[in-house]
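Protein sequence lines correspond, in order, to chains Z and R.
Reading the first sequence from the start, the letters are residues 1 to 308 in the working numbering.
Reading the second sequence from the start, the letters are residues 1 to 484 in the working numbering.
Treat the hints with caution; some may be incorrect.
To be verified - Subject to a maximum C-alpha distance of 25 Å in a straight line, what follows is the list of computed DSS-like cross-link-like pairs (lysine-lysine): (1) Z:Lys193 x R:Lys20; (2) R:Lys360 x Z:Lys53; (3) Z:Lys285 x R:Lys397; (4) R:Lys129 x R:Lys144; (5) R:Lys436 x R:Lys139; (6) R:Lys397 x Z:Lys291; (7) R:Lys144 x R:Lys20; (8) R:Lys103 x R:Lys136; (9) R:Lys239 x R:Lys349; (10) R:Lys93 x R:Lys141; (11) Z:Lys11 x R:Lys360; (12) R:Lys417 x Z:Lys285; (13) Z:Lys52 x R:Lys153; (14) Z:Lys197 x R:Lys417; (15) R:Lys103 x R:Lys153; (16) Z:Lys197 x R:Lys397; (17) R:Lys35 x R:Lys103; (18) Z:Lys193 x R:Lys153; (19) R:Lys417 x R:Lys406; (20) R:Lys103 x Z:Lys197; (21) R:Lys93 x R:Lys20; (22) Z:Lys285 x R:Lys406; (23) R:Lys417 x Z:Lys39; (24) Z:Lys29 x Z:Lys57; (25) R:Lys360 x Z:Lys57; (26) Z:Lys57 x R:Lys339; (27) R:Lys348 x R:Lys252; (28) R:Lys406 x Z:Lys57; (29) R:Lys35 x R:Lys106; (30) R:Lys140 x R:Lys96; (31) R:Lys406 x R:Lys252; (32) R:Lys436 x R:Lys144; (33) R:Lys417 x Z:Lys53; (34) R:Lys68 x R:Lys93; (35) Z:Lys193 x R:Lys68; (36) R:Lys142 x R:Lys40; (37) Z:Lys291 x R:Lys349; (38) R:Lys360 x R:Lys417; (39) R:Lys370 x Z:Lys285.
Because the hints were derived from the structure by calculation, they are not lab data.
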Amino acid sequence: MSFVEYGDTIKDGDTAIVFLGHESMFPVKVQHGGVTQTKYGVIRHSTDLIGKKYGSKVTCSKGGWVFILHPTPELWTVNLPHRTQILYSTDISVITMMLELKPGSIVCESGTGSGSLSHALIRTVAPTGHLYTVEFHQQRAEKAKEEFREHGVEHLVTVTNQDVCKNGFGVSGIADAVFLDIPSPWEAIGHAKSALKAEGGRICSFSPCIEQVQRTCLAMEEYGFTEINTLEILLRVYNVRTISLQIPDLGKAAEDNSSAGFDSSNPSNQGSPGTNLQQGTVQFKSGVPLKEMVGHTGYLTFATKSLF
Amino acid sequence: MAVEWGLSPRICEGDCAVLKRGDVFKAVAVLRQRKIIFEKQGFYLDNAIGHVYGTTFEVTSDGNLQPKRQVEETTTETKEAGTDNRNIVDDGKSQKLTHDDIKALKDKGIKGQEIVQQLIENSTTFRDKTEFAQDKYIKKKKKKYEAVITIVKPSTRILSTMYYAREPGKIIHLRYDTLAQMLTLGNVRAGNKMIVMETCAGLVLGAVMERMGGYGSIIQMYPGGGPIRAATSCFGFPKPFFNNLHEFPLSKVDSLLCGTLSLETLPSEPEDTALTEEETNGLVDEKQTSVQGTEEESSAETAMEINQTEEQETMDINAEDAEFKENKERENKENVREKQRKQWERTKKLTEAAALLREKNADGLLVASKFHPTPLLLSLLEFVAPSRPFVVYCQYKEPLLECYTKLRERGGVVNLKLSETWLRSYQVLPDRSHPKLTMSGGGGYILSGITVVLDKGKSDSSNLEALKMEEPSSKRCKVQDLCC
């Protein structure tokens, strides 16, 4: 396994995702002799995991079972150990497309944070591209390096421990795209510009507050960036549910019911929506929005470094 | 296989490029002495050849392009502005220049920038407007009179934005942020073996090809006579990108799954000839629309001027229409031979695609079509390896509700998620930041999930049911309580 290549079978040293059901999952580092506890019982790595196919059902000691999934940047994002606030796949998707990333792209990123976006960027630019990521927090930078090594992608990424606002990205004139997720992105726009290729490139800055966006936009304009565009992307998730609504009793006689109201529109009781007059309910399938949704992650400001 | 694509930063003859004016895009083929009509302006691209992508050009009065250097800001620096609009009356007489005056200025070939300056000088109310209103006035006039066009390299970002704005119907209203979700949720990357089923003019296919960068393979499932790749051709992918692009007719999926697909007999099958004919018709239609496109821009059908043909010969025929008629008979004979050759090639490609599908080890499935998603999913998932993502797009939510239910019944999938994204744009200006007035009402819905090993046998499916019930049951009750 690697985060940039699918493998069929689980091997020693792999990072696998244990899927317990209904979005309940966690990552596990597969090791000879290793054991993992789940609520369905113990998983013994040597016998239960190594050599099995990814996607297999694994029976745990208490008779319950789980699925073992191949890691992807998206699964990692929802399972990684948080060292900072992270970017989720909804924002990551738009960032990747709007920065025009593809195999071979050279990307600069700061800060590395927990590496949620980093994994997605590496996935997209592999096998010929490279990610230069800058993190001013030494411990986080080291932890990120360690993870990249464990995930088999260290050859595609360079982690630098420095302050991007003061020292920049450590590269110049080679990047196709720059991504900033730092508290004061406007202080790094100059460095971003010099990191980008002479013939141009794309930049994105992620900020939760509109004041940060305003200062960033001004800085971008000052440095000659064009096509400055700020947007926000919101994910709405729906639960698929069968809903039954009761039919009100308006005092009508039982015989009349068959010729009036809902029944006439749906005389044959095929599929949903279905009526059940005996119980006095109508059933239908609905996509029900979650009770609470993420209302704001951050504003994404994109711009192009143009030629002049 | 590794192809360095997009390295040449210069505009070359024969390139696929995108014209950009403000927020409006148009994909064109860069050809010499060919008039392009864009945003009610006609011009030639000849002068643009050799310039770097991203260059901004001004359209001169004779229809040529002239590179524009850094914008010299119109120096209305000695700013005089009012504080509010209490004394500004709309009497319709504030602009001293008449329509005819403006037309005369334009006819003289005066630069747009100067026309804007004149309009400002002849506006009696301009000085009384607030600074912000002046800004807005200038911007509006600039947009109208200063014709600057930037030529950019095509990308998924640009083409998907362009299609969504110009021809959303052709891509079943798949908004660009939704396409972005599909690529990410589908873990599309170099080296994958992807199955793509789309009726989005080849836009989704192009997006997948861009993300795979020529590494790995793609099998495009197509309905009807052949895959439509009008949008794919706008990307200007290098030839090697097509080496591992396969196609397989949707109508043969069932027989492939049953093991009754017989390739040896295919070329002589009557329906196959019908397919070829259909394809030829398609080409003629495309030719007609592309001719129209050069004549009248207003037609909604003609956003793309790039010929949608893959074969060089057909392109030549398009160019020399008169000769085409004269040589019709000879052509016809050649056509028969050509047809046979094509058919043989089709069979060969079909054999390859069938072999790839039979391995049943695809790394992902992307569906974005006008068809009902449920039957597509239930069949096409058979070709996907376990622990791989799949993503289905649908313009409407209801079919995905059914698809969700049917996939749950089938089993072999986990982490099913039905979602939608909302996209909101912002105006960010000092003291004037707010969400844009309008936002897109709908960009479609996505159902995504991950395949797992599908156990055959009753005991397992009931077990699966148990797992399914175990987790969300409490939640389900809550939701139902809420709704009732």
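Where does the structure disagree with the numbered hints, that is, which hint numbers, in rising order?
The structure conflicts with hints 13, 14, 15, 16, 20, 21, 26, 34 and 37, although it agrees with all the remaining ones.
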